[in-house]
Amino acid sequence: MTFFLFLVATLAIPLSGYLLLRGLFGPTLPLSSIESSAFSLALGIGSLDFFMIALGKAGVPLSGPIVLIALFAIPTLSYALRFAYERFSGKRCDAERGQSQRTVLTKSTKSLFLLLVGLAVFLKVIFLVDAGLPTATDLGHHMYWSKVIVDTGRLPEYSKREIVDTGDGHVALSDAEPISDFIIGEHLPFAAISKLSGASFFSAFPVAFLLLINIATLLALFVLSVRIADVLFADKAISPVSVGLAVLFFVGPLFAFSSPEAKFVSGGVVGNLLGNLMIPLVLLSFFMAYVETESRFFALGILLSLILAYTHHLSTLVLAFILVGIALSMIALTFRDLPSFAKRVWKLFASPYPWSMFVFAALFFFLIAAPTYIETNAVSTAVGTPSKVTRTGLSLLQASESAGMVRMAIGLAALLVALFIRAVRRSPAFPFVFGWGCALLIMALRPRWVFLDIPSNRIGTYLSFPFAILSGMFLAAFPIFYRDRSKKPAGVFVPGKLFLFASLVLFSFATWNGSQDNQSSLPSAGEAQDTLEVFSATNYLANHSLPEDLFLKDHNYLVADSWMKLFFMRDYAYPLSRGYFKRYEDEANPREQCTLRMISVPNLPEGRSCYSDLGVNLVAINPVYDMAQFEKSNDFSLIYSGTTVQIYERNR
Amino acid sequence: MKETAKKKSGVGMRPAVLLRDLSEEALAVIFVVMLFVAASGWLFFHVNRELDPDNGKNWWTVAFENRDTGSLSFVIENHSASTTFTFNVSHDKDVIDAGDLTIERGGRKAISLPANAAEGRTIVTVTSSDGSKKEIYRNH
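If you read the sequences in order, they're chains H and U.
Note that the working numbering has the first sequence beginning at 1, numbered continuously upward.
Note that the working numbering has the second sequence beginning at 653, numbered continuously upward.
These are calculated hints, taken from the structure and not from any lab test.
One should not assume that every hint holds.
Cut-off 25 Å, straight-line C-alpha distance, at most; resulting in silico cross-link-like pairs (SDA-like, lysine to any residue) [stated by the list, open to error]:
hint: 1; chain 1: H; residue 1: K147; chain 2: H; residue 2: T531
hint: 2; chain 1: H; residue 1: K110; chain 2: U; residue 2: F688
hint: 3; chain 1: H; residue 1: K147; chain 2: U; residue 2: P705
hint: 4; chain 1: U; residue 1: K761; chain 2: H; residue 2: N543
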């Protein structure tokens, strides 16, 4: 029953998104079914976010019925108003609606499309079957905030208590301080689904929802590459759908387990996954707006960008750089046609649609809520000269590992070859892919050039999509180098056997590299029992907890430890945590040492001093690694004993 | 043209005809949705099974029943194949209590013992029939 309700709640989101899509932009906005589906999911998430934020800020408790209203009220109203307007104004006839339907797939290409998508989903499910348990650190952190919304019916205040130096050689626990790492759009959809379906966060529902986002991303990349190819290869020497299918091959079955694919799904990297869906859709909207001089697409792109801004800060920053890269590429590559370019852009602004979106964005931002990273001035920490060695840029090899070696190799080759083909270079579609790829390459390899101060490996994960598109284009365009000698060749041609050999090598390299990545990423089974033991221990403590208790746990050796906070719901940083050992040695980012000392050296003066200052009286550890130092101490009682988790209580 | 448009729009059509009139692409989207339903269904089934504490699992725990520092009453929770447990309570190497009990898989049993706040370490050691041993203790 819970699963059925989960499905209903989850699929209600794209349904509401579809109502909003057609309500805002009309039935004549030319979209294929696949485009409609992907846009609907993104808009559904966005409208849910905006209305829950607005209602939450207005003090309305976010109960189940309110969430339902947030999901459907405005989209239904907009659709109804649009329907009434279209019907009674006499502007539309059924023939027009028929003409607004585009198609990308035909009967002959549908089978290959379904095979590729089916294979991709199958591979991801194999990965998620063992990696989809509620154990992932990031997912635990995000689900805490979603549970706050469900439990309290209010929007969360992103804050946490921290251990701070009091300046006299002692430490203390601070009051809750604001944190900028989380954005509301990452948590509202999960809270809504849980509220509507009753699904527990300790189930497959978070991972299943993220899988839906990932599948929709594949569809978004497919249609984006088809649309770009449709313009790029305007002479139809290469079928746009074949490009889309080749791209689907590079982002679907190949590298199915990598970041940002199934690993991000199981790892609960929520913001990145939502960003990976939104970015291609924003680019598709702006691309269609430019190519067709259709301001409704432009407005759609603005709206999706706004949704992204309230969902994930890093993706928003990456999108901003991508758009700048595309704009500069367009100016540089079409400078001969600058007046025409400017005229097209002007036409996009000369319509009420985009201005309505700008006005909505301004009103929401200033009157209702700004994204948390704006309120906490987090932007200034991301822009500037790289401050740590991990932010000074990746090497080309590291970038290839992030993007997938075959995608990087073929994508770079495609980029370089395209620069030498005038017809491609001068196409209005080329700057989109060129600017996208180059912007991310610079951000990942040379962040100093663009004053970026963000871990470079995070940027590296964004490389896979533009280079998958470039690789797909190259793979689909490869046959063009082969020409039948009896016909007049338009360019370079190679003998048939050599061409066949080259094609086989290319295909084999792609398949080997992509599936090798899959193979090396398969998780090992067997965490379920350890997870259950940790949950059981935490449940014990939650049921026997006193208000004055202060609990410390270990992150290094306890499975699913970030989920322990969901049993207490006291504070994001409760229980306190001994983090990864290397973090305590990071001289560029010094941190408190008490959480380390209280577990590693509880009997030494420095450990005792921390216990005394902070009042920590409960500690959870993995006995395989950390039992010895507690067992020999007379200050601790062992009150809970399992195989992979023990709880010690410090005598007062 | 009006009739063709009407047919395309599906106005006034029966559902069976509507399905036939759906484009290849719309059918592909429906297939993808069904794929997601099947995939998420499998994930739900699998995760529920993995999070079942008794299904294919072999673990048990022992814990003090309450937080009173003098209380020695304890609880055994069993999710293993073993059902027989032996306990003994010792203080400074003197055994002050002992016993056997049976707990079926999936069960938990509390054992009440007299409080003891004597100086030193009082240890409750529990051994299951498969030889695995766990202990909890209070230090005073």
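Going through the hints against the structure:
With a CA separation close to 19 Å, the supplied pair K147 of chain H and T531 of chain H stays within the 25 Å bound. With a CA separation close to 18 Å, the supplied pair K110 of chain H and F688 of chain U stays within the 25 Å bound. With a CA separation close to 23 Å, the supplied pair K147 of chain H and P705 of chain U stays within the 25 Å bound. Among the hinted pairs, K761 of chain U with N543 of chain H is consistent with the structure: their alpha-carbon atoms are about 17 Å apart, no more than 25 Å.
Consistency note: the structure conflicts with none of the earlier hints.
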